[in-house]
Amino acid sequence: MTCTSLGVDTPKSFVVSALMARTEWTWLATMEMEDTAVAVAVAVAVVVVVVTATAMASPMTMVGDAEADPAFYIHKPNDLRPFYTLATEGMSYFAMDVIPEVGPVEVRRELERVEFMMYLPHDWVPAGHLGDELNESNWPFYAMRALCSWISQTRTWIGEGHTVPMYLDGTPAVPGSQLTHMLFLPPVLFEHPEFAFCKVDDQLSFNMLVIVPITKPEWELKRSGGLDALVPLLESGEIPTVVDIHRSSAV
1 MTCTSLGVDT PKSFVVSALM ARTEWTWLAT MEMEDTAVAV AVAVAVVVVV
51 VTATAMASPM TMVGDAEADP AFYIHKPNDL RPFYTLATEG MSYFAMDVIP
101 EVGPVEVRRE LERVEFMMYL PHDWVPAGHL GDELNESNWP FYAMRALCSW
151 ISQTRTWIGE GHTVPMYLDG TPAVPGSQLT HMLFLPPVLF EHPEFAFCKV
201 DDQLSFNMLV IVPITKPEWE LKRSGGLDAL VPLLESGEIP TVVDIHRSSA
251 V
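Sequence positions in the sequence shown follow the numbering used here and run 1 to 251.
Simulated from the structure, these hints should not be mistaken for laboratory data.
Label-pair ranges, simulated between beta-carbon atoms:
hint, residue 1, residue 2, range
1, His122, Thr171, 18 to 28 Å
2, Gln203, Pro100, 13 to 23 Å
3, Leu80, Pro175, 31 to 41 Å
4, Asp169, Leu80, 37 to 47 Å
Note that the coordinates shown come from a computational prediction; the quantities given were computed from them, not determined experimentally.
Glycine is no exception: its CB is placed at the ideal position from the N, C-alpha and C atoms.
From just these sequences and the hints, can you work out the full model?
Take a look at the structure:
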């Protein structure tokens, strides 16, 4: 993987055009970029957006190439948001097969594209390369890339309240961790309410989902009792939205 500044590349997916055009969102409120970049993003608001950010000033960087694989945007911690925000950039290229039981075509179309986010602790070190052994620095990239690869190949629909294994072989996030599954929730805790559904234009829209890693016992509770069974644990923070890779199971 290579790391470049957001201002160097020309992002081409739905997520970047929408995010850059909606600067009032909390997620981007602290970006220190040229005024011209914001003006261009707000005025253009198209799939291709050129951002002339200052490389050293912007707290957001892009990792990877979204045209080859999902790339990742990393927003560094600050006083308002004392944690890392990691987001995919490229998953919204792929339309998932939303099951007919969900509703009419119009409803299913609004759910068929998605980008993923994950909140990581302030002391997380986003380093390493794909190909290295799993460790506390690179595991989010491995897990999210595996998820995106699986969805792009199978077009399996992932929506609010769904869960999937962290890896298909059932291994935990990193050796020694109890986190084995991913729970998908709307980004309501730290983001603007409108952040959950991003409409680029009349034809293009996508959803943002937060990945909350959970343990196997927590997953089993959710499987038997539905998402409602996990709500008290989520509200109390026993299942934290900001990932704690070393935490014990709340069940």
